[in-house]
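Chemist: The residues making up each chain are set out below.
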Amino acid sequence: MMRRLQIDSKYLPLLVTIALFLGLYAFGVVQYRGFSSPQVFFNLLIDNAFLLITSIGMTFVILSGGIDLSVGAVIAFTTVFSAYMLEELGLSPIIVIPTVLLFGVTLGAVMGAIIHFFKVQPFIVTLAGMFFARGMCFVISTDAITISDPFYRALALYRIPIFGKTFISVNVVIVLVVLLAALYLAHLTRFGRTVYAIGGNQQSALLMGLPVARTKILVYTLNGFCSALAGVVFSIYMLSGYGLYTNGLELDAIASVVIGGTMLTGGVGYVIGTVFGVLIQGLIQTIIMFQGTLNSWWTKIVVGLLTLLFIGLQSAFASSRRTRMAARKAQPAAKVTPGAAKLASDVSQQG
Amino acid sequence: MTAQASWWERLRHSGLFWPLVALALVMLFNLLFTPNFFRLEIKDGHLFGSLVDVLNRGAPLMLMAIGLTAVIATAGVDLSVGAVAAICAAMATRLVGNVTDVTSTPLPLVIVIALGLAILCGIWNGLLVSRANIQPMVATLVLMVAGRGIAQLITDGQIITVYYPPFFYFGAGYLLGLPFTLFIVATVFLFAWWMTRRTAIGLFVESVGTNASSSFYSGINEKNIKLLAYVFCSFCAGIAGIIISSNVKSADANNVGLFMELDAILAVVIGGTLMSGGRFSLAGSVLGALLIQSVTTTIYAFGVPPEVVLVVKSLVVLFVVLLYSEPVKLALDKLAQRKGVRA
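Chains as they are written, first to last, in our numbering: chain A, 2 to 352; chain B, 6 to 348.
One should not assume that every hint holds.
[What the hints assert, rightly or not] Short derived list, chain A residues pointing at chain B, Cβ under 10 Å:
#1 Ile68
#2 Lys120
#3 Pro212
#4 Ser316
[What the hints assert, rightly or not] Straight-line distance between alpha carbons at most 27 Å, and here's what the computed DSS-like set of lysine-lysine pairs gives:
#5 B:Lys254 <-> B:Lys48
#6 A:Lys120 <-> B:Lys334
#7 B:Lys339 <-> A:Lys120
[Stated by the list, open to error] Examples of chain B residues lying across from chain A (beta carbon under 7 Å, computed):
#8 Pro111
#9 Leu114
#10 Gln157
#11 Val325
Hint data in this document are derived by calculation from the structure and do not stem from the laboratory.
These numbers were taken from a predicted model, which means no experiment stands behind them.
The C-beta atom is built at its ideal place from N, Cα and C for all residues, glycine as well.
For reference, chain A alone in the conformation it holds in the complex:
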C-alpha cells in the first residue's frame, strides 16, 4: 500500500497533465463536429512542432534550476538569418542550416558560461540574449523576407501519409527525433542524471563530484541548439523570416514545461510531460478556434490560469512531500546518518 502511494505521488503531476489532455480532447470530440478526425490531432503536432522542440530544450534548462527567456528571439533570428542567407546571399540550405544551428549553439554556450562563471541570475543573462537576438533580426532586415528556396518549399509542402487521408509534415518527424533523443539524454545518460542532480541541489551535486560547470553550460548550449532547430522548423513552416515572429514564445515554452509537471525550482519533472503541456496549449487553441465566437486572446488567459493552477499544485505536492519526509525522518534517520556522514567526509577529503 505504502509503495503504491509513493509511485503515485512521483507521477501524479504527470498523470494529472495526461488526464487533462484526454479530458480536453474528449470535450472537443463531444462538443464539436469534425473534432474527432485524426487529422485534428496531427495538425496539433504540425502547428506546434517548433514549440515542441523549444519546450523540450527548455525542460532541460528548468530541470537544472535555470530559465531561458531568449528562445523566442532566437527562433525569430533563425528565421530572419536563414531567409537572408537563402534569398539575399543565395546560399545553399546545406550551408545555411548548419550556420544558424551553430549560431544558436554559440549564443547558448556564451549565456551558459556567463551564468556559471559570473554567477549572474539566468533570467537576466537570457533577457540580454533575448534583446540581442531580437535586435539582430532587425539589423539584418526590418521587413519579412519570403523564402523561395526549392528545398525549403519542398520540405514545407511534403506530406507524409499516415493512414487514409491523414498526414504529417517533415517537421513532425524532426520533432519525434528530437523527442527520442531528449528522452534518451534525460533518463539514460550521465548528463541527464547530472542535470537532475544540479536542479535538486547544486551544492550537493558539486560535493558529489559531478561536473556542474560543464553540465550547466551544456544545458544552455543544448537549449540554444533546440531553439535554433525550432527556428529552422518554423522557417520551413512559415516559409519566411521576420523579426516579429514568435513574440512572447518563451512564456509559452515555460508554461508548457510547467503544465507538463516539471517543478520550476528544478530537479523534478519529465520530458514527456512537456510534450503534453504543449499539446494541451494547442488543444485549447483548437477548441477556441472550433468555437469560433471567442476572442483568440482567451487562449492566453486560459493558458495563464492553467499555468498558475499547475504551479499551485506543485507547491501543494512539494509541501505534502516535505511533511511526509519529515515524518519518515523521525524513525529510520539514525540508520542513514553515519553512512551519509562518511560519504560527505570522504568527498571533502578528496576536494
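Chain A is already provided as a structure; the job is to place chain B on it using the hints.
Modeler: For chain B alone, coordinates are given in the frame of chain A:
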C-alpha cells in the same frame, strides 16, 4: 584627508556613483558628437529640446523603475509592469471613448477606475507571491502573459483612439513651462521617498528583502510588506500606462509598455539595487531610467536605425550586470586595495 576628498569618497562609495558616471559619459558623448543636444528653446512658453525630451519620454520608465525598486528590494521581481500599463491604458481610453471633445466618463473617475484596476493587478501579484508562495518571477509572468489578453478584451481587440483634449494633458501637457509628466514623476518619487525614508516601511522592506523569515520572527508582517510592494509597483505601472496612452492619444493593447519590463529591471539594477533584495536606492533607479532613456535618445539622435537600439541595449545590460557580478566585484576590490596599499 581633505574635506573635498571625503566628499569624493562618500560619492565614490554611494550607490549613485556608477550611474552618475555612466550618465556623464553619455552626456559627454552627446556634447561632442550630437549637434544641438543641449540646446533648449522656449516655444509658446514651453521648454523644448533633447534634454526635455529625455525627461518627458523617460517618465513612464522612471515611474515603473520607482515601483519596481520596492518589489526588487523585497527580493522579488515584477515582470507584469508592461502588461499592467497596457491594461490601464486600455481601461482609460475605453472609459474616455472615441467621440471628439466629449468623454463618456468624467475624467477623475477615469483615472480612479484605471488606477483601481492597476491596484487590483498588484493585489493579485502580491497575493500570489506572499500568500501562495509562488516564485515572484513566475507569479508575475502569469499576469505578463494573461494581462495583454485582458487588455485586448477591454479594448475588444481594437486600437482605441481618443479625441478628448483634457485627457492629453497627462502625457503631453505643460505646467510652468515644463512637461506635466515631470510633476507626476516628482510627486510619485517624493511619496515613495517619504514612505520609505521617513517611515519605518523602508526599513521593513530592506529587512524582508535581506531575510524574510528572520524579519517574520522579529515581528514584521513580511507577507503584507511584500503585498504592499507589489501593489505600489502596479500602481506606478498604471500611472505609466495612462501617461503613455495620453501621450499617443490611443491605446494598443499589444504595444503599450511592450518590452518595458526589461528596461525597468535594467534601470533598477543600474541604480544599484541588487536583484537579491535588501538595500535599495530610489534615486538610483530614477537615474538608471534616465540613463537608459538618454542612451535610447542618443542612439536615435545619432541617426542609427532604431533596430540597432535593442542590440546596443542588450550589450549594455550585459556589461552592467557583469560589472555588478560577484567575481568582478571581488577582482575590483582587490585592485582598489592594492592601490590603497601602494599609496
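Chemist: Next step is simple, just say for each hint if it's right about the structure.
Modeler: Do the hints match the structure? See the list:
Residue-level restraint check for A:Ile68 holds (minimum Cβ-Cβ distance to chain B is 7 Å; threshold 10 Å). Restraint check, A:Lys120 versus chain B: the minimum CB separation of about 5 Å is within 10 Å; hint holds. Given the 10 Å rule on beta carbons, the hint for A:Pro212 is violated: about 20 Å separates it from the nearest Cβ of chain B. For A:Ser316, the suggested interface contact is upheld, since its CB lies about 6 Å from the closest CB of chain B, less than 10 Å.
Our distance criterion of 27 Å between C-alpha atoms is met by B:Lys254 and B:Lys48, whose separation comes to about 22 Å. Annotation: proposed proximity of A:Lys120 to B:Lys334 holds, straight-line Cα distance about 11 Å (limit 27 Å). Of the pairs offered as hints, the one joining B:Lys339 and A:Lys120 holds, with about 18 Å between alpha carbons and a cut-off of 27 Å not exceeded. Annotation: interface hint on B:Pro111 violated; nearest CB of chain A at approximately 29 Å, more than 7 Å.
Because the closest C-beta pair between B:Leu114 and chain A is about 26 Å apart, greater than 7 Å, the hint is violated. This hint holds: B:Gln157 has a C-beta 4 Å from the nearest C-beta of chain A, less than the 7 Å allowed. Restraint check, B:Val325 versus chain A: the minimum CB separation of about 9 Å is more than 7 Å; hint violated.
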